[in-house]
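Colleague: Make the full structure from the sequences, and use the hints.
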Amino acid sequence: MSGRARALPGGVRIGAIERRFDLLVNEHIGVVRRLGEVFTEPGTPNFFHYAAEASNTSAFSAQRNFFNTGGASVHRSVAIAKAVGEAVERYCAALYEREELPFCSAREAPFDCVEPAAFALHSAAQYRLPGFPWAPLEADTALRWTGATAFSSGRRVHVPAAFCWIPYFYDAAIGEAPIGQPISTGLACHADYHRAVLSGLCEVLERDAFTIFWQRGLAMPQIRIETLSDENYDRVHRFEVTGDRVILLNLTLDHGVPVVLSILESSQPARPAHVFAASCDPDPERAVAKALEELAHTRRYSQRVHRLLAPVAGDNDYEQVRNQMDHLNLAGDHANGQSIKFALDSRQRQSFDEIESLAQGGPAASVAKVVARVEETGHEVLVADLTSDDIAQCGLTVVRVLVPGYHPLFMGHHWRALGGARLWSVPEKLGLKALYSGADNPIPHPYP
1 MSGRARALPG GVRIGAIERR FDLLVNEHIG VVRRLGEVFT EPGTPNFFHY
51 AAEASNTSAF SAQRNFFNTG GASVHRSVAI AKAVGEAVER YCAALYEREE
101 LPFCSAREAP FDCVEPAAFA LHSAAQYRLP GFPWAPLEAD TALRWTGATA
151 FSSGRRVHVP AAFCWIPYFY DAAIGEAPIG QPISTGLACH ADYHRAVLSG
201 LCEVLERDAF TIFWQRGLAM PQIRIETLSD ENYDRVHRFE VTGDRVILLN
251 LTLDHGVPVV LSILESSQPA RPAHVFAASC DPDPERAVAK ALEELAHTRR
301 YSQRVHRLLA PVAGDNDYEQ VRNQMDHLNL AGDHANGQSI KFALDSRQRQ
351 SFDEIESLAQ GGPAASVAKV VARVEETGHE VLVADLTSDD IAQCGLTVVR
401 VLVPGYHPLF MGHHWRALGG ARLWSVPEKL GLKALYSGAD NPIPHPYP
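So the sequence shown is residues 1 to 448, counted in UniProt numbering.
Do not rely on the hints blindly, as some may be mistaken.
[As the list claims (entries may be wrong)] Keeping only pairs whose Cα atoms sit at most 30 Å apart, straight-line, the calculated BS3-like set for lysine-lysine is: (1) Lys433 with Lys369; (2) Lys429 with Lys341; (3) Lys341 with Lys433; (4) Lys429 with Lys369.
Calculated directly from the structure, the hints in this document are not laboratory data.
Modeller: Right under this line is the structure:
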């Protein structure tokens, strides 16, 4: 990948990123130091793949941002935008001064805080485990806070800084409690504020749906591939011509916002046995498209893991499954097919056109519709604007969207979230058949 300032490939149009491409992608002054196409091996699905390397924020911030990003699509422009947009997200999310964030408990705070009990985190039994790294989040728990805004009311409220900025390192020297694993769920970048909020919110809904599906072993309906649009059938065909099988599941839960899970299954030993990816969007057509393109992106990563790493052992309740690669590696192991069987064996079938679209006339109306649906489930949508001044001058917005109470995705099987109400209440509320009722799925999730 070239690191010098560079032009977009001929004919490519990617909106605000294109208009500021020479500033965003530049070895010396760019947020993205390098951007290049990743060429796939012969016999693999035909998607455009781009990888980006972001600049090092530790030169002017206390944190080093996560700098390797990427994206895949059937459209070159979209793959580029995904890679660059993700780099911008991670850049802005690392630009904070920890010591300037207020430190106190929710009970002592001189400002409004989200009720600590609102977050879905871990169970009381998990907190009692020897060596468990996370502490309960309670009214008297001392931690750092950062500001956010309730989307509907405009109410200013503070949320745990660890759930907003990334990377986040707990300040043990002052007694800050490590309340949970800092993750990227809900981060989004776009030229339009409402599209950024919609993207971040949909990722929260996607992770909530997937974790509930996996941890409870839900039987969810398969979407009949032959009922897809020509454009999305083409995306499926790009996998199928390589000899692998694509399964699409409708994971939509109580809010009614379409969530689609894509699964790639391969019987070829040199390939990962199973790869999972999902997406949420008020327009089910876009939800399917994004799930399939994310599947292509994850498949490439999973292929490298499958090729280079030894299988993960299941000893001591999968204690070895601790990071993204471990989760992918386990799903890719052909010896673990039985553990994934529940996800593939649903006898329910539905046509694509049975999925209700919530898409409205524009991004502002669509995000308002999705927020309203989330609020109907009894939860509030919060937005923290993380846009740095330089990124704002490029015409882009970066946000972190939080929905306290929606179920989170964590890396590490022993660190999965078993607290909160939705994991246990939503399947019963919807009358969904669950493989696990008194406890959750003992097999680690397959998400990266």
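Colleague: Now look at each hint and say whether the structure bears it out.
Modeller: Okay, the hints, checked on the actual structure:
no.: 1; hint: Lys433 with Lys369; result: 28 Å, holds
no.: 2; hint: Lys429 with Lys341; result: 24 Å, holds
no.: 3; hint: Lys341 with Lys433; result: 15 Å, holds
no.: 4; hint: Lys429 with Lys369; result: 22 Å, holds
Against the hints set out earlier in the document, no violation occurs for any number.
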